[in-house]
Structures are given as structure tokens and as C-alpha cells.
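Undergrad: Each chain is listed here by its residues.
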Amino acid sequence: MKVRLRNPKRELDVPGPVRVHALLERLELNRETVLVIRGDTLVPGDVLLDDSDVVEIRPVISGGAV
Amino acid sequence: MKCTVCKAPAVIDIRRHNANFCAEHFLRLCRDQVVKAIKDFTMIEPSDRVLVAVSGGKDSLAVWDILVELGYQADGLYLGLGIGDYSDASGEMARAFAHDRGWKLLEVDLPTEHGFDIPTGAKAARRVPCSACGLSKRHLFDEAARTGGYDVLVTGHNLDDEAAVLFGNVLHWQTDYLGRQLPVLPARPGFPRKVKPLVRLGEREMAAYCVLRGIDYIVEECPMAAGNRHLGYKDALNAIEAVSPGTKHDFYFGFLARASELFTPAVAAEQELLQVCARCGAPTPGELCAFCRLVDRATDREPVPVSLGRRPG
Chain A
124 MKVRLRNPKR ELDVPGPVRV HALLERLELN RETVLVIRGD TLVPGDVLLD
174 DSDVVEIRPV ISGGAV
Chain B
41 MKCTVCKAPA VIDIRRHNAN FCAEHFLRLC RDQVVKAIKD FTMIEPSDRV
91 LVAVSGGKDS LAVWDILVEL GYQADGLYLG LGIGDYSDAS GEMARAFAHD
141 RGWKLLEVDL PTEHGFDIPT GAKAARRVPC SACGLSKRHL FDEAARTGGY
191 DVLVTGHNLD DEAAVLFGNV LHWQTDYLGR QLPVLPARPG FPRKVKPLVR
241 LGEREMAAYC VLRGIDYIVE ECPMAAGNRH LGYKDALNAI EAVSPGTKHD
291 FYFGFLARAS ELFTPAVAAE QELLQVCARC GAPTPGELCA FCRLVDRATD
341 REPVPVSLGR RPG
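Residue numbers (our numbering), protein chains in the order written: chain A, 124 to 189; chain B, 41 to 353.
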């Protein structure tokens, strides 16, 4: 599957099938800090992603002046 | 994974609530949490004129969206801070959001109206960029709310923001800041009431709210915030949250319930000493307020590019 990441923007090829939580673990990402988006909607942690999927892993942290 | 409420397929799991939600019930949860925050802390009255500080990011656009959905009379305020392409992109997001909905967006441009941008102001004042930015934003928010006749200024600070600020203030025992870290700061002469209706919602929830509502927001981080201390505190708290869900909520709301009152008397005494800035009329402990001193140092300086303005916080 295609996995799109940000900061910096890049695209990875990850073999499927793999569950969302396992994908995040494989990429060493804290699930509290990202959303996983397939198409135009969110996918929760137990969803099985296929080889043909294109997913965005979007960071949710902001932190300028407060 | 099923929605805890209706058993339809879930789109998000929230571990600190030990619950999963479909899109409909997640959006309802967000609105309910805002309603509860407003009620518990007496943030906004139905007749209030509300000004929402809008950055083009997820939190400020989401809180504006929720407040209007709840029936409040809320306008937006966007500050142009002159942070290169980042300010251009965030301004476009804020304008598009307001335009698409026919909502009123006020704009103040720091370089046009005060003669400097954040990278230049930070270097001139020898402050880290986030410090010069925060100082400028607070001043311009207050001024816009005052001159526009708004009763209350809303900011999009969420639970993660508040927990991270609290964490930093406790680590360094910043007792004066601890006394001011409240979800509502009452109106005082020269200051509007300031409220944070998103304190019951986490950062991941606000991003999810925007995705599910189709709100286009600026996902990229401010280039000048990279590596700052605040982001380090968020990383540390998220590492704890991953193994102990609910920690950020307990930390912040435990502080409000059991400790914040210990620090408020010192702040009240400090406020007694405030006078009026000789130039702009804002409250200040000295002759000139911190913003007017920043303007004096920064005006007519050689502009500093964004990349050179970045320094660790």
C-alpha cells in the first residue's frame, strides 16, 4: 500500500495486509499523535489495510505560541 | 470496531474514554464537550458577542464551527504575522473557511499596521520567535476585541495545549503563570473575557473533527515553532498517555480542581499594580506595555528571513 507521511512529506510502500495499529507500530509512531485517513475518512486502529490502499498518516500536533 | 453508542462501524477510538465512535456520534461528543466546558466554567452567555481568534489551523476553525453550530454570534479574527509562506497559506485557509460559510472574518496584519514581522521582531527584541509571537498575538487579540465591542475572546487551546503548558510551568515552578492558567480569564479594564472552550478535547480529536466535517486546515507546523520547548512537553506527555490513557486529562483537570487556587492570590496582587500604557492604553506594570516596547525595537530593522529566525525555544 501507499503510505503518505508529512514533516517531511514522503511516500512509503508498505506490504499489506496490515492492521492500522500494527502499521503505526512498524513506523514507530505514537497513535496519540496521528490520524490515519483512507480516501476522505478516518480509519480506526483495528481496520485491516490492503495492498491496494492509499492512506495518509496525518500528524495532529500543533505548538506555536500559546 | 463498533460505535459505543449505536454499534455502527466506528471511525475513531478514544482510549481515555475507553470508547469508539461513528462519525455522527463523534461529532456529537465534540459538541457536547464544548457545551459542558462552557457551562462548567461559565464561559459564554447566549447574548455575548464572541470573537474567535482564527489561525487557519484545526483548533481555531473547529471551535468557530462548533460555536456557530451551537447558536453563538461568533466572528473570526485572523492575524497576519509575516511568517513567510506559512502566514500566506494559513491566511488563505482562514479566509476560505469564512467565505464558504458567509461568516465575518476581521483581519489585522502586523507588518502593515505595526511595521515588523515576527522573525524581525524576535531578533530585534532578542526573544525566541514563539515568545515575540505570543506577546504580539495577545496584545492584538485584546485590542481587536476591545475596539470591536466584543464581550468575549475565544481561543482554540485544547487539552493537549493546556496540559503541555501546565507541565512546563510545573517543571520550572512558574508560579505567576500557574495562577493565570485557567479556562476563563474574567474581563478586566483593558482586557476582554478570554475563554478556551476546547479544554475538554484533545488535539487528535480536533484534527478528527475537521476531517469528518470536511474542514480544510493548515496541517503543517509553524516553521518557527520547530524544536520549541512546548512541543517537547507534548511529546513527553504523549509518551505517558500512550501507556496510561487519561493522564493528560487528570493532570490538567486535577490542577484546576485541587491546586490552581493556591496560585491566584499572587496574580491578583500583581494585577492591582497595573497602569495604562502611555502610548496605546493597554494595561501594563510599566510606562510602556511590552508590545509597544517590541514595536520600538523592531520597527525599521532589516527584515529577517523566516529560516534565520528559527531558534530553539
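Treat the hints as calculated values from the structure; they're not laboratory data.
Warning: the hint list may mix true and false statements.
[What the hints assert, rightly or not] SDA-like, lysine to any residue: derived pairs with alpha carbons at most 20 Å apart: (1) 76(B) x 56(B); (2) 144(B) x 76(B); (3) 79(B) x 261(B); (4) 42(B) x 151(A); (5) 47(B) x 168(A); (6) 125(A) x 175(A); (7) 42(B) x 167(A); (8) 79(B) x 108(B); (9) 42(B) x 164(A); (10) 47(B) x 132(A); (11) 42(B) x 125(A); (12) 47(B) x 178(A); (13) 76(B) x 64(B); (14) 42(B) x 145(A); (15) 132(A) x 261(B); (16) 132(A) x 227(B); (17) 144(B) x 208(B); (18) 42(B) x 160(A); (19) 132(A) x 267(B); (20) 132(A) x 56(B); (21) 47(B) x 145(A); (22) 47(B) x 169(A); (23) 132(A) x 258(B); (24) 125(A) x 158(A); (25) 132(A) x 129(B); (26) 144(B) x 186(B); (27) 79(B) x 191(B); (28) 42(B) x 154(A); (29) 42(B) x 171(A); (30) 42(B) x 132(A); (31) 47(B) x 125(A); (32) 132(A) x 108(B); (33) 125(A) x 151(A); (34) 132(A) x 89(B); (35) 42(B) x 175(A); (36) 132(A) x 169(A).
[To be verified] A short list of chain B residues far from chain A (calculated; beta carbon distances all over 10 Å): (37) 145; (38) 146; (39) 242; (40) 262.
Every residue, glycine too, gets a C-beta built ideally from N, C-alpha and C.
Undergrad: Confirm or reject each hint.
TA: For each hint, the structure was consulted:
Distance check on the hinted pair: residue 76(B) and residue 56(B) sit about 17 Å apart at the alpha-carbon level, within 20 Å; holds. In summary, the hint linking residue 144(B) to residue 76(B) is not supported, as the alpha carbons are separated by about 26 Å, beyond the 20 Å threshold. Distance hint between residue 79(B) and residue 261(B) is unfulfilled; the C-alpha atoms sit about 32 Å from each other, more than 20 Å. Distance hint between residue 42(B) and residue 151(A) is unfulfilled; the C-alpha atoms sit about 26 Å from each other, more than 20 Å.
Distance check on the hinted pair: residue 47(B) and residue 168(A) sit about 16 Å apart at the alpha-carbon level, within 20 Å; holds. Distance restraint check for residue 125(A) and residue 175(A): the Cα-Cα separation of roughly 8 Å lies within the 20 Å cut-off, and the hinted pair is therefore satisfied. A threshold of 20 Å between alpha carbons decides the hint, and for residue 42(B) with residue 167(A) the separation of about 10 Å falls inside it, so the pair holds. At most 20 Å may separate the alpha-carbon atoms for a hinted pair to count; residue 79(B) and residue 108(B) meet this at roughly 16 Å.
For a cut-off of 20 Å, the pair hint linking residue 42(B) to residue 164(A) stands: about 16 Å separates their Cα positions. Among the hinted pairs, residue 47(B) with residue 132(A) is inconsistent with the structure: their alpha-carbon atoms are about 36 Å apart, more than 20 Å. The hinted pair formed by residue 42(B) and residue 125(A) fails the criterion: a straight-line CA distance of about 26 Å is larger than 20 Å. As the CA atoms of residue 47(B) and residue 178(A) are separated by approximately 25 Å, the hinted pair breaks the 20 Å bound.
As the CA atoms of residue 76(B) and residue 64(B) are separated by approximately 18 Å, the hinted pair is consistent with the 20 Å bound. Between residue 42(B) and residue 145(A), the direct Cα distance comes to roughly 19 Å. Compliance with the 20 Å bound is thereby established for this hinted pair. Between residue 132(A) and residue 261(B), the direct Cα distance comes to roughly 12 Å. Compliance with the 20 Å bound is thereby established for this hinted pair. Between residue 132(A) and residue 227(B), the direct Cα distance comes to roughly 43 Å. Violation of the 20 Å bound is thereby established for this hinted pair.
Between residue 144(B) and residue 208(B), the direct Cα distance comes to roughly 36 Å. Violation of the 20 Å bound is thereby established for this hinted pair. Between residue 42(B) and residue 160(A) the CA atoms are separated by roughly 18 Å; this keeps the pair inside 20 Å, and the hint holds. For the suggested pair residue 132(A) and residue 267(B), the alpha carbons sit about 18 Å apart, so the restraint of at most 20 Å is met. Annotation: proposed proximity of residue 132(A) to residue 56(B) is violated, straight-line Cα distance about 30 Å (limit 20 Å).
Proximity of residue 47(B) to residue 145(A) is assessed by CA-CA distance (about 24 Å); at most 20 Å being required, the pair is judged violated. For a cut-off of 20 Å, the pair hint linking residue 47(B) to residue 169(A) stands: about 15 Å separates their Cα positions. Only pairs whose Cα atoms come within 20 Å are accepted, and residue 132(A) paired with residue 258(B) is accepted, the gap being roughly 14 Å. The hinted pair formed by residue 125(A) and residue 158(A) meets the criterion: a straight-line CA distance of about 16 Å does not exceed 20 Å.
Between residue 132(A) and residue 129(B), the direct Cα distance comes to roughly 16 Å. Compliance with the 20 Å bound is thereby established for this hinted pair. With a CA separation close to 17 Å, the supplied pair residue 144(B) and residue 186(B) stays within the 20 Å bound. Restraint check: the Cα-Cα separation between residue 79(B) and residue 191(B) comes to about 17 Å, which is no more than 20 Å; the hinted pair holds. The hinted pair formed by residue 42(B) and residue 154(A) meets the criterion: a straight-line CA distance of about 19 Å does not exceed 20 Å.
The suggested pairing of residue 42(B) with residue 171(A) holds, with an alpha-carbon distance near 14 Å, which does not exceed 20 Å. Between residue 42(B) and residue 132(A) the CA atoms are separated by roughly 32 Å; this puts the pair beyond 20 Å, and the hint is violated. A distance of roughly 30 Å separates the Cα atoms of residue 47(B) and residue 125(A); the hinted pair therefore is violated under the 20 Å criterion. For a cut-off of 20 Å, the pair hint linking residue 132(A) to residue 108(B) is broken: about 34 Å separates their Cα positions.
Between residue 125(A) and residue 151(A) the alpha-carbon distance is near 17 Å, which keeps this suggested pair within the 20 Å criterion. For the suggested pair residue 132(A) and residue 89(B), the alpha carbons sit about 40 Å apart, so the restraint of at most 20 Å is broken. As the CA atoms of residue 42(B) and residue 175(A) are separated by approximately 24 Å, the hinted pair breaks the 20 Å bound. For the given pair, residue 132(A) sits about 25 Å from residue 169(A) by alpha-carbon distance, which is inconsistent with the 20 Å threshold.
The beta carbon of residue 145(B) is kept farther than 10 Å from every beta carbon of chain A, the shortest such distance being approximately 20 Å. Chain A leaves residue 146(B) outside its interface by the beta-carbon criterion, the shortest separation being 19 Å against a cut-off of 10 Å. Not every C-beta of chain A lies more than 10 Å from that of residue 242(B), the closest at about 8 Å, which undercuts listing it as non-interface. Consistency note on residue 262(B): stated as away from chain A, yet its beta-carbon is not over 10 Å from all of that chain's, at 4 Å minimum.
Comparing the model with each earlier hint shows violations of hints 2, 3, 4, 10, 11, 12, 16, 17, 20, 21, 30, 31, 32, 34, 35, 36, 39 and 40; every other hint is respected.
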